[in-house]
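Q: Sequence:
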Amino acid sequence: MSQADLTALAAELEQYLGDPHDGGSRMSFHRVLDLDENQEYPFGLVSQLRRWGAHEYSLPGEHGGRAGNVETGFNLMRLVARRDATTATAMVITNLSFMPLWIAGTEEQKSAAVAAMKRGGGLSWGLSEREHGSDLVANEMTAVKVEGGWELTGEKWLIGNATVADTMVVHARTGKRNGPAAYSIFLVDKWTLAAETVEELPVEKLHGLRALDLSGLRLERAFVPDGALLGAEGQGLEIALKATQVARSVIGSLPMSAVDTGLRLTLDFTEGRILFGTAVSDVPYSRRQLTEVFADLMIADAMSLGAVRCLQAAPEQVSVWSSAVKYLVPTLLERTMAQLNTVLGARFFLRDHPHYGPYQKMLRDLLVANIADGNTVVNLRNLGQQLGGLLTTALDASPEVRAAAAERAGVLFSMDRELPRYEPWRQELFSRGADDALLAAPDGIRRLRELAEAADGTERERLERAAEVAEELLDRTAALADRAAALKEELGRAYAQSAELFELSKEYCLLHAVSACVLTFVHSAGVSEAPLPSGALLLLMLERLRRHIHPVEQITDQSVVDEVMAVLRRLHREDRLFSHWQFPLAKRAGDLAAARR
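Residue numbers (the UniProt record's numbering): 1 to 597.
Keep in mind the hints are simulated off the structure, nothing from the lab.
There may be inaccurate statements among the hints.
As the list claims (entries may be wrong) - The following label-pair restraints were derived from C-beta to C-beta distances: (1) P399 <-> T331: 34 to 44 Å; (2) R177 <-> V552: 48 to 58 Å; (3) S398 <-> R493: 27 to 37 Å; (4) D5 <-> H30: 31 to 41 Å; (5) E418 <-> D475: 48 to 58 Å; (6) G149 <-> R493: 42 to 52 Å; (7) T106 <-> S47: 54 to 64 Å; (8) A181 <-> S398: 17 to 27 Å; (9) A232 <-> A4: 37 to 47 Å; (10) V137 <-> S498: 18 to 28 Å; (11) L429 <-> E500: 19 to 29 Å; (12) L491 <-> D456: 16 to 26 Å; (13) T331 <-> E418: 26 to 36 Å; (14) E131 <-> T192: 21 to 31 Å.
What the hints assert, rightly or not - Only pairs whose alpha carbons sit at most 20 Å apart, straight line, appear in this in silico SDA-like list of lysine to any residue: (15) K190 <-> V203; (16) K118 <-> T106; (17) K190 <-> K205; (18) K587 <-> K205; (19) K190 <-> G120; (20) K205 <-> R364; (21) K118 <-> R130; (22) K176 <-> D135; (23) K145 <-> R66; (24) K176 <-> A195; (25) K145 <-> V203; (26) K205 <-> L9; (27) K506 <-> I371; (28) K587 <-> E529; (29) K145 <-> L201.
Idealized CB from N, CA, C, for every residue including glycine.
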């Protein structure tokens, strides 16, 4: 789908859903907050989105869906989640539960599942268990072969949509000896099971996403036919891990949307609130807080742009990109939202306020991204296992390898380049040392300097300085490799589980993020609409990443902050998403000044 087509589709969905501040719109904040307060699953909201066809953009076109790429479904869910993360999560769970079918299902299984989902049927993904969480090779649910099929026994818990969905995709042990090849995946239609063999577990009460169905399923010798097996027997762990890679790549849409709405609501306040004769937005400290939040959001946007497109453009590297974005985006934006709390003041604490109530909900809801589909520890551990190879390749790659990476980066980070066909079965569990973001970063800095030479005045200065900062940060790659090698020699076998390795993985994520910011700028600059691209914004984004290493050093002055504020104000005033995509949002209805008091 072209950039113009995706923008038009986003505008169509926004118009359909309407202004969330308008109580009469299809998906108003008033309705969302009422469901959340009463912990009522959003059946009506989910049904409206299904009737519009939102979920079909995450289902394969050749089997009756509309998906040509992952990017479309990812961005449509951002527009849903900016109103309600619960409804978006309910939709995303169904879409992600289809991934094992897309990866390993037969043509008949895929077509039947898509047809059922288009009729309103839901799916859940029965992966985690009460006693084992993310440790998939310790799962205890068993599937025993019997005549004509399998009998499943065990419990799946903390499963989204487990009660409301008709069908669960289940990860179960089929091998007698535990190990990577001991697990398989089954498609379990609850309505075909004998009544005494299946029981839904109670829906859990949650801190955020209060209206979500997060429950579980208990099976006792529940019979499923041979045709319920997805892929080959013993292939379950591989299928599950590949499906999880997709989840990790796209779940950032939830905290990104929460911060987008939080920043938008805060600007509603600061632009109209006068203190001591000055708008709060014009108080230097408040202005810096607002622009830093915007910069963090755009870092997350750049990282997600690459990670989502990586699923199609470089599927062999998804294990790295998905874990980098899954670690850094939620943790970054959780901290970022706290900065908005300071600016918004007491209003962020008001649950029932007609205008600011949604902020308090977003503050709670964004936390789910840190724990769902592999928590921070799981993702840092995955990166740590590959860190040596990644650093070696980043430092020692041949000119030919770097040139190939630079060419692929033009697809990974450009919003107008066509993506290859999505084939999720091509994803690999280890990248073999390749990360095109770091490999293409030197070319990105070269292109950035070329853009600086072609620019005038302050924009030239901003881009030149941005290139210097990016190069300074990426020069840390060699030191990071030396520290990793020394630590491995010191700790020996204990290195793989050491706390120090996790810290090294965190720093690697920062280098990946720096690369993503530079590459997004240089490859999307030519297709961006004003007020983007902005050298001042890029410089502030790089400063925000640099402050993870130098927390008290600023490299931007008030003039840079003022330029970034002009970009932010224009996007806010023109009702556009705070993103490199800048999708047009539903126009505000009613008297905003009266509503936000």
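Q: Are D5 and H30 spaced within 31 to 41 Å by their CB atoms?
A: Since D5 and H30 have Cβ atoms about 32 Å apart, the given range 31 to 41 Å holds.
Q: Does K587 pair with E529 here, judged by a C-alpha cut-off of 20 Å?
A: holds, 19 Å
Q: Can the restraint linking K118 and R130 be considered satisfied, given a maximum Cα separation of 20 Å?
A: violated, 32 Å
Q: Is K190 close enough to K205, meaning Cα to Cα at most 20 Å?
A: Roughly 23 Å between the alpha carbons, so the hint for K190 and K205 is violated.
Q: Using the Cβ atoms, figure out if V137 sits within 18 to 28 Å of S498.
A: This hint holds: roughly 21 Å between Cβ atoms.
Q: Taken at face value, is the distance from the CA of V203 to the CA of K190 at most 20 Å?
A: holds, 17 Å
Q: For the pair supplied as a hint, K145 and R66, confirm whether the alpha-carbon distance does not exceed 20 Å.
A: violated, 36 Å
Q: For K190 and G120, compute the direct alpha-carbon distance and say whether it is at most 20 Å.
A: holds, 16 Å
Q: Against the 20 Å threshold, does the CA-CA distance of K587 and K205 hold or violate the hint?
A: violated, 35 Å
Q: So the hint says 48 to 58 Å: do the beta-carbon atoms of E418 and D475 match that?
A: violated, 34 Å
Q: Quick check: does the Cβ-Cβ distance between G149 and R493 fall within 42 to 52 Å?
A: holds, 43 Å
Q: For P399 and T331, compare the CB-CB distance with the range 34 to 44 Å and indicate the outcome.
A: holds, 35 Å
Figure legend: structure checked against the earlier numbered hints; hints not met, in rising order: 5, 7, 8, 12, 17, 18, 21, 23, 24, 25, 26 and 29.
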